[in-house]
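Generate the whole structure from the sequences, applying the supplied hints.
Next come the chains, spelled out residue by residue.
There are 2 protein chains.
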Amino acid sequence: MAQQRRVQLCTQRPTSTVCVLGTELSLDIQGSAPKDAIAFHVQGTPGVKVYVVHETQSVKLPSSVTRWPLATGTEVLLTMEAISKDVGDEKVRISYFGEASGVPVGRAMLYLTCVDISLDADTGRNGSVSKTLVDKATWTWGPDGHGAILLVNCDCDDPKSRLMGDSSEPQSQLTDNRDTVVCSYEDLKDMSQMVLRTRGPRTIFTGHGLVLHVNFSDADKVGVFYGGNSIALEEYKHVLGGEKLAYAVKPSQHQEESIFYVEGLAFPDVSFSGLVAFHVTLLESPEKGLLETPIFTDTVVFRMAPWIMTPNTLAPLEVFVCSVKDNEDFVAAVSALAEEAKCPVTICPLPENRNDRWIQVGDVGLGTPSGCGSTALLFPLLPLQDEVEFGYVQAPHKMFPVVLDSPRDRGLKDFPVRSILGPDFGYVAQETPENTSSLDSFGNLEVSPPVTVRSKEYPLGRILIGSSFPRFGGRRMAKAVRNFLAAQRVQAPVELFSDWLQVGHVDEFLSFIPAPDRKGFRLLLASPSACYQLLREKQEMGYGEATMFQGLHGVPKPSISEILGNEALRKFNAYAQSCISWNRDILKRELGLAEQDIIDIPQLFQADHQARAVAYFPDMVNMLVLGRHLGIPKPFGPLVDGQCCLEERVRALLQPLGLSCTFINDYFSYHKLAGEVHCGTNVRRKPFAFKWWRMVP
Amino acid sequence: MAQQRRVQLCTQRPTSTVCVLGTELSLDIQGSAPKDAIAFHVQGTPGVKVYVVHETQSVKLPSSVTRWPLATGTEVLLTMEAISKDVGDEKVRISYFGEASGVPVGRAMLYLTCVDISLDADTGRNGSVSKTLVDKATWTWGPDGHGAILLVNCDCDDPKSRLMGDSSEPQSQLTDNRDTVVCSYEDLKDMSQMVLRTRGPRTIFTGHGLVLHVNFSDADKVGVFYGGNSIALEEYKHVLGGEKLAYAVKPSQHQEESIFYVEGLAFPDVSFSGLVAFHVTLLESPEKGLLETPIFTDTVVFRMAPWIMTPNTLAPLEVFVCSVKDNEDFVAAVSALAEEAKCPVTICPLPENRNDRWIQVGDVGLGTPSGCGSTALLFPLLPLQDEVEFGYVQAPHKMFPVVLDSPRDRGLKDFPVRSILGPDFGYVAQETPENTSSLDSFGNLEVSPPVTVRSKEYPLGRILIGSSFPRFGGRRMAKAVRNFLAAQRVQAPVELFSDWLQVGHVDEFLSFIPAPDRKGFRLLLASPSACYQLLREKQEMGYGEATMFQGLHGVPKPSISEILGNEALRKFNAYAQSCISWNRDILKRELGLAEQDIIDIPQLFQADHQARAVAYFPDMVNMLVLGRHLGIPKPFGPLVDGQCCLEERVRALLQPLGLSCTFINDYFSYHKLAGEVHCGTNVRRKPFAFKWWRMVP
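Chains A and B, in that order, give the protein sequences.
Here the first sequence stands for residues 4 to 700, where the numbers follow my numbering.
Here the second sequence stands for residues 4 to 700, where the numbers follow my numbering.
Keep in mind that the hints were calculated from the coordinates and are not lab data.
All C-beta atoms, glycine included, are put in the ideal place defined by N, C-alpha and C.
It cannot be assumed that every hint is accurate.
Said to hold, decoys possible - Calculated pairs, DSSO-like style, for lysine-lysine (alpha carbon to alpha carbon, straight line, at most 27 angstroms):
no., chain 1, residue 1, chain 2, residue 2
1, B, K63, B, K88
2, A, K560, B, K38
3, B, K482, A, K247
4, A, K591, B, K63
5, A, K38, B, K574
6, A, K63, B, K591
As the list claims (entries may be wrong) - FRET-style restraints, in silico, Cβ to Cβ:
no., chain 1, residue 1, chain 2, residue 2, range
7, A, T69, B, K482, 47 to 57 angstroms
8, A, S131, B, P659, 55 to 65 angstroms
9, B, E321, A, G91, 54 to 64 angstroms
10, B, L555, A, V106, 36 to 46 angstroms
And the structure:
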């Protein structure tokens, strides 16, 4: 439906107004009619299309009817299809007639100027701005959806701010969305273009106000920059956003397009849907001293691109591992695995000042183990997996990785981020006013590969977060983080039950690996029951005396028979199994999995002093997945014919899927600190080929 | 899809478990298989339905196949259809076979107890709780929708709190949702029932934990009360909500139903969708000292009933008017009109201590006129319309009016509410941290009658709020109030442009009246252009010397010719007209109105010292609508043949619709204080016959 505007007429003096291309003018015929008028005649110059709506019939003029009764409900509508060359170059005349049909009893003249005003963005999602017929004021999901996209400009394109930032300044202050300057052309490229087109006699635009504005509630979510005719970086000014709700545009004499650059400042969240509307309004100033009246508004809506997580099934691009004292072998093993997978490794060195701070922050966590590698508070272990999660943002014109910083903010506070943050590498922190718990660590935040659940598609997978039942005292991921994840909408989170574990992370009992068949992946679940079955089998085969933990200095070495005879251990593992089974049921339901999509990985747990579970031997599902190369915590299982029977079983389960299993010794460096390989590493992965806006959440 | 649970088996010892009616058990056949087993046989007692899923075919047993290969992907599923009489009265036996087909190589026994656990509410929306087959964990809109409804328990059923509350205590502290006690049986009736049904051998429920719980994020939105077997009021305890996230239910020996009473505490808002989920979870406690494991959860979802406004077209139930000094005539006129409309009047008297406080609070607002009746800061005028808005809440079991208190909180702070609040009369305050402006007054909050806009139905109408363009300095209704109104979802708000008016309220230029034809109503718009037309007509008829404001002492008395000759006034009214026309365009578009649905009411405005508009003579659209009886501000227009020509024109426009026009003199008592009849009164109306949950927002 075309935008329609009511225009008052007057028989005393001519009226002048603007008609915006694509809109209708509705003339107030009755309002200007002389007292005795009972009929009217309307006539326009060729550039004006005139319609008379009479008894709900719309008749285009000229028609055979020349005089129309001046009845309530009779309307005159005008449209124009060509932009005026001069102000007032088209006109419409209304002649009023009384009972005596001869001479008009009054005349109203309307001088018209047709202009084109249009606020456009990349609503077609093809990386370029073009004028469109779609409804720019709405934003729709799906393959046939339309609507423009904004990126949160959370990378750092300013070389100065990267170099100058000292470690006392939080890295979130260094990102481009914190400033109101354009620091480089790279910075501009992260922004979305918004083009204001103004065509028509230029004097119209000097005589009328033209205002670009943003809704009050959206203003703190965006920044708009404008450089006028210039392409010089220093000419780009911050014109809208924050406190600036409106910007008076002055279209220049010779330019019909004004290009604005829009950056996002905030991700969708519980109180922000992600949609931001921009408007351009043409204002008429009837008289000096009076306020201006709006006569036309065009609106374009953007959606902020969500933060998207990348599952294990996506190709690895970069592996991160921390180098600390005593983990050289681990770093070497991870590097070797990465080399096999042809994936570069970034080894984060430990800065000189690290240990001090580490221990200091550690004081807070005493008593409650609160993270994968939590006892690392007392050791120089960097729990890379827990502190940050790699993801990305995408718009048709640009895509870059974004690291989400957990609210833990312990030792790694500004370490990896400072070295990562840069051009086209973004950063977002979740600050939360609540007390954080171990469940806020991002070991507790995983994402499944793409799934279809009862015909509902999740082409970017579903986020998995661990939680507790209220009954159990209630460690949960901070509400702020859960709200943030849910608000991204494209990877609808599933809550699992992880509070039965001491550390309480979902990566302690599940992992996803690529597979050539079925859904393209398998879910691996830690399985005490599968472990008992394996050990019983080996016992029956006569290997009851084979012992675990061979080659580990100072570690007790229980035999298969001792383990099977430990009644307390058996009961605790029955309990651990029932907790994992509960999650298995949820995962099958919420990810649409069948039993054949799940592989049980033998694993035992033992109780801590609070009867919470910790891995009895290195937790094999807590693995590093680099394409078909798996870095699995070396379990140090009982040696049967010189072979670790646990490794042998895992190989037997995974190699048929074309996967290569490398068992990495993390016993002292990670396992004994309540973490494993997955906790001690992190991977930046290739984004999905599937574009998020093509899904329907 | 039935809830499914994985059950581990064991060949060493029998396993016992519970099967909840309507769920499936999935047996871990592989997990308990002896080393050499290659096939199995499964057999159950008659109360157990056994299925073998083999190569994706589900085969119900007994079948012709007796032994099944122990292949990956082969599943055994169990269901039970009758509740057990005794613990473990049904069983399933798995026999494992090796290569040699004769004697089983192992056996696993599973003892089963079938129980029924169900958490139910009035999901069918018929006012009673019954067990249902619909998906209780979802809530859907529309005529075929399902899902239970909660009321915000914002009335006051406690006679003590009503009597004892002194005026120093805000009335919001007096409502039932602020306490955690059941103060009367009336209080219980405002709550929604939630029934926990537990059938099966009672020892199961003593041996297993049964926990009623609520999501952490929902807990501050609800309160749950439970009285056990008792019906004595003092036995009802607050068991869930706020800090209480879980309640351990102990089903009694003889009772299969536990009835919980749920009250809502908060209306939907920007960070609260209105949906609240309750869960009951059955916990298995494998061993003393170990944590319990969840084995079954049932969920029921409620939606908080929205606050609904009532348009002028709904029948009036009660008219409110304040009695202050010097407005006796006004009160008498309103009372007479109400009597004609057969509607009771409540006259709110001015308490002795009122004037003092009024003036004190008034100091804040000096300089910026900030409300319909804003200059009443200096006068004892009570702007009833601005301070509160009457609406209602509805659930299938209960409905009551709820007054929304504006964030203005000026003179009327705790006046009408204290006298209104009581059993089945609710109260909700919008507190806002921002500075409030005149646009926060509820004269600026209206609602249209039901409309259909391009086939989208709004069966409860749409809310209209006045706003500004950012260009104009930005008086707006507080974000908190706009968010609240939008979050109710059932009357999607439309923002109009009202900031061109000094007071800035939509009720200064629009009103809705009932009509027998078309959409059942007309939109009245104040029209300077219609007024000029009328005055010119009268001038042409020779009445140019007729003067306005006859009979008003001390008021200048301009003639028609003087008004028409006042060029500044003409220009300002052209401006006012263009502002109203802009709103007319929006209203036509957003309410789906045609020109024939709109009536132009002659009205003139004049500029204040900031060039903002105030009514030049009493603002006729600011009327009181009581059915077909209209109380219209008396315009004191020019007398033509002894008749006010403005009144005459309005009668001519409205009487054909069957409406009766009474012109009420509010010149000195309201008009001169920048308010009119509508501002000085308020009406509680009959709720819609249409139930809100039957719409699709």
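### Task
Quick one: which hint numbers does this structure break? Sort them smallest to largest.
none
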